[in-house]
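Visitor: Spelled out, the chains give:
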Amino acid sequence: MLCERCQERPASVHVTRIINGDKTELYLCQECAREMQPQLDFSIPKFLAGLLDYDPGLEVKAPPAVERCRECGLSYEQFHQTGRLGCPDCYHYLASRLDPLIRRIQGSSQHRGKVPRRAGGNLRVRREIERLRAQLQQLVEQEEFEKAAQVRDRIRDLENRLGEQGGWQ
Amino acid sequence: MSLNLERNSKWMEGSGPQADIVISSRIRLARNLKGMPFPNLMNEAQEVKVIRQVGQAIRAPGVFQAVGELRLQTLRELSPVERQILVEKHLISPDLAEGKGEKAVVLRDDEAISIMVNEEDHLRLQCLLPALMLHEAWRLADAADDALENELDFAFDQERGYLTACPTNVGTGLRASTMLHLPALVLTKQAGQVLTALTKVGVAVRGLYGEGTEAHGNIFQISNQITLGRSEEEIINNLSAVTVRLADQEREARELLRKQNRWQLEDRVGRAYGVLTNARILTSQEALQLLSDVRLGVEMKILRGLDQRLINQLMVRIQPAYLQFTAGKEMTPFERDVRRAAMVRELLAG
Numbered sequence: 001m002l003c004e005r006c007q008e009r010p011a012s013v014h015v016t017r018i019i020n021g022d023k024t025e026l027y028l029c030q031e032c033a034r035e036m037q038p039q040l041d042f043s044i045p046k047f048l049a050g051l052l053d054y055d056p057g058l059e060v061k062a063p064p065a066v067e068r069c070r071e072c073g074l075s076y077e078q079f080h081q082t083g084r085l086g087c088p089d090c091y092h093y094l095a096s097r098l099d100p101l102i103r104r105i106q107g108s109s110q111h112r113g114k115v116p117r118r119a120g121g122n123l124r125v126r127r128e129i130e131r132l133r134a135q136l137q138q139l140v141e142q143e144e145f146e147k148a149a150q151v152r153d154r155i156r157d158l159e160n161r162l163g164e165q166g167g168w169q
Numbered sequence: 001m002s003l004n005l006e007r008n009s010k011w012m013e014g015s016g017p018q019a020d021i022v023i024s025s026r027i028r029l030a031r032n033l034k035g036m037p038f039p040n041l042m043n044e045a046q047e048v049k050v051i052r053q054v055g056q057a058i059r060a061p062g063v064f065q066a067v068g069e070l071r072l073q074t075l076r077e078l079s080p081v082e083r084q085i086l087v088e089k090h091l092i093s094p095d096l097a098e099g100k101g102e103k104a105v106v107l108r109d110d111e112a113i114s115i116m117v118n119e120e121d122h123l124r125l126q127c128l129l130p131a132l133m134l135h136e137a138w139r140l141a142d143a144a145d146d147a148l149e150n151e152l153d154f155a156f157d158q159e160r161g162y163l164t165a166c167p168t169n170v171g172t173g174l175r176a177s178t179m180l181h182l183p184a185l186v187l188t189k190q191a192g193q194v195l196t197a198l199t200k201v202g203v204a205v206r207g208l209y210g211e212g213t214e215a216h217g218n219i220f221q222i223s224n225q226i227t228l229g230r231s232e233e234e235i236i237n238n239l240s241a242v243t244v245r246l247a248d249q250e251r252e253a254r255e256l257l258r259k260q261n262r263w264q265l266e267d268r269v270g271r272a273y274g275v276l277t278n279a280r281i282l283t284s285q286e287a288l289q290l291l292s293d294v295r296l297g298v299e300m301k302i303l304r305g306l307d308q309r310l311i312n313q314l315m316v317r318i319q320p321a322y323l324q325f326t327a328g329k330e331m332t333p334f335e336r337d338v339r340r341a342a343m344v345r346e347l348l349a350g
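So the protein sequences, as listed, match chains A and B.
Residue numbering for the first sequence follows full-length UniProt numbering, beginning at 1 and increasing consecutively.
Residue numbering for the second sequence follows full-length UniProt numbering, beginning at 1 and increasing consecutively.
Please keep in mind that the hints were generated in silico from the structure rather than gathered at the bench.
Please note that a few of the clues may not be correct.
Cβ-to-Cβ under 8 Å is the rule here; a few derived chain A residues that face chain B [claimed, not checked]:
#1 P10
#2 V13
#3 H14
#4 T82
#5 G83
#6 G86
#7 C87
#8 L98
#9 P100
#10 L101
#11 I105
#12 S108
#13 R117
#14 A119
#15 G121
Estimated spans, in silico, between C-beta atoms of each pair [what the hints assert, rightly or not]:
#16 A:L101 - B:E335: 46 to 52 Å
#17 A:G83 - B:Q285: 27 to 33 Å
#18 B:G202 - A:R127: 35 to 41 Å
#19 A:R104 - B:R304: 50 to 56 Å
#20 A:R104 - B:S231: 17 to 23 Å
Which bits of chain B does chain A cover? Going by a derived footprint, with three or more residues having C-beta under 8 Å, they are [said to hold, decoys possible]:
#21 37-44
#22 146-154
#23 168-181
#24 222-232
C-beta atoms are modelled at their ideal positions from N, C-alpha and C, and glycine is treated no differently.
Using the sequences and the hints given, assemble the complete structure.
Guide: This is the structure we're talking about:
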């Protein structure tokens, strides 16, 4: 049997199409089947990706321009190839694409570990205030009001110190 | 040259908590300098600048007070064999030893502290101690890090923590790892299953020389996968707990072997000792396997009169670069196998 499309090569692919309930059967050669691929191909991942892109009520966003770090010039694509960033500022300039990746590989996006004395800015003080607030809560629950008052004063001191440093950065 | 390559490292001591299974504990902190590209994008002048800054920082009085004297050695001044010895002693990574460009290593005399300069990050501060001493290693690394931070401006972000060349290290920059000897889990064919389970609790498993290496001589390295969103203490507590659990599992397997296959076990240990004390040709692969059997014999008190310190020393001394260094010349693989056998005989004979 010859291919129904080109009528030249032998048919080796049997394709069944159902469009709006109308069933058509085609016997095609390899080449013609390949050429007709876009119509024939139904891929579940592509279908799902299409669903994810579909955002009712919002306009379709234009693809973003190539993002580069303004400090060292590294693009996200370059990072993608090597797995290495170019400089500390890449974290800032490539944040829109890097942060989701970091959340995916690290399961978190907020540092909870050590804060360096000099480079840590007021984060050390903020951490201390957080810790004291939890302590204050506990003391109030235990009706240890005298100690709670002391802790409250300490929190005020620290908050004033933050204020003097130019607030919450 | 101030380096003493033949010296034994602190981690080889072979004593401490869980020393019958845990060989060593390591803490590694990744740190980078502000306003400088990461090593993969640095030019030579920038590489030299980082080395100079680190060299100055380690001479600061505060650093000396915190952790004692540290010495910097540029890799350019070392021969390939000398660099390889540092890899064999677990003081630097193969990447630092082989990489192009200006690189350096900072060492403390007992080799418990080493800092790789211009590896993947500007600084990779490592503390390596024997047995299960992760908390002690962390305290040492933390003190060294504090003292260095007084001298160097580290790249730090309030949200993302310490910024690193690879986002898999961002946050704490901490990789805590332990090296374990797990022959009974391998012999009873449980190793694969047990180690696969570790990946589900955020622990990665590697071979003897770190990333991408095989587990020769039944020695495995386990380390934390996640560096962001948890405190250093949480990461270290978790890895310590997993290490203890793994050691318990290995101990159970050893007792099972002792109960069910006592003669086979003692025969295996005895034969390994026999070959090591009599062989005239030993490949490093064969030597590592036999040393694992002998180590098991020592750890289970089947073999007496030997200690783990000697086994740890042997494990390093049978490596190709170390052999060539002590021989004072380059050798063919066959010459090395002959020298390796002679060296093992001599050391085991005491």
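Visitor: Against each hint, give a clear statement of whether it holds in the structure.
Guide: Each hint, compared with the structure:
This hint is violated: A:P10 has a C-beta 50 Å from the nearest C-beta of chain B, more than the 8 Å allowed. With its C-beta approaching chain B no nearer than about 42 Å, A:V13 sits outside the 8 Å limit, and its interface hint is violated. The criterion of a C-beta within 8 Å of any C-beta in chain B is not met by A:H14, whose closest approach is roughly 43 Å, and the hint is violated. Interface hint at A:T82: satisfied, since its Cβ lies 7 Å from the closest Cβ of chain B, which is below the 8 Å cut-off.
The closest approach between the C-beta of A:G83 and any C-beta of chain B is roughly 6 Å, which is under the 8 Å cut-off, so the hint is satisfied. The interface hint given for A:G86 holds, since its Cβ lies 5 Å from the closest Cβ of chain B, which is under the 8 Å cut-off. With its C-beta approaching chain B no nearer than about 4 Å, A:C87 sits inside the 8 Å limit, and its interface hint holds. Taking 8 Å as the C-beta cut-off, the interface hint given for A:L98 holds, the closest approach to chain B being about 7 Å.
Taking 8 Å as the C-beta contact cut-off toward chain B, the hint placing A:P100 at the interface is violated, the least distance being around 11 Å. Nearest Cβ of chain B to the Cβ of A:L101: about 6 Å, under the 8 Å cut. The hint holds. The interface hint given for A:I105 holds, since its Cβ lies 6 Å from the closest Cβ of chain B, which is under the 8 Å cut-off. Against a cut-off of 8 Å between C-beta atoms, the interface hint on A:S108 holds, since the closest Cβ of chain B lies about 2 Å away.
With a cut of 8 Å, the hint placing A:R117 at the interface with chain B holds, because the nearest CB-to-CB distance is about 6 Å. Checking A:A119 against chain B by beta carbon gives a least distance of about 4 Å; that is within 8 Å, so the hint holds. Given hint, A:G121 at the interface with chain B, holds; its Cβ is 6 Å from that chain's nearest Cβ, closer than 8 Å. Taking the beta carbon of each, A:L101 and B:E335 are about 49 Å apart, inside 46 to 52 Å as hinted.
The beta-carbon spacing between A:G83 and B:Q285, approximately 31 Å, falls within the hinted interval of 27 to 33 Å. At roughly 24 Å, the beta-carbon separation of B:G202 and A:R127 lies outside the given 35 to 41 Å, and the hint is violated. In this structure the supplied range 50 to 56 Å holds for A:R104 paired with B:R304, their Cβ-Cβ distance being about 53 Å. Between A:R104 and B:S231 the CB atoms are about 21 Å apart, so this pair conforms to the stated range of 17 to 23 Å.
Under a criterion of three residues with beta carbons nearer than 8 Å to beta carbons of chain A, the stated coverage of the region 37-44 of chain B is upheld, 4 such residues being counted. Against chain A, the region 146-154 of chain B contributes 5 residues with a C-beta closer than 8 Å to a partner C-beta. That satisfies the three-residue criterion, and the hint holds. Counting residues of the region 168-181 of chain B whose beta carbon lies closer than 8 Å to any beta carbon of chain A gives 5, which reaches the threshold of three, so the coverage claim holds. Under a criterion of three residues with beta carbons nearer than 8 Å to beta carbons of chain A, the stated coverage of the region 222-232 of chain B is upheld, 7 such residues being counted.
Comparing the model with each numbered hint stated earlier shows that hints 1, 2, 3, 9, 18 do not hold.
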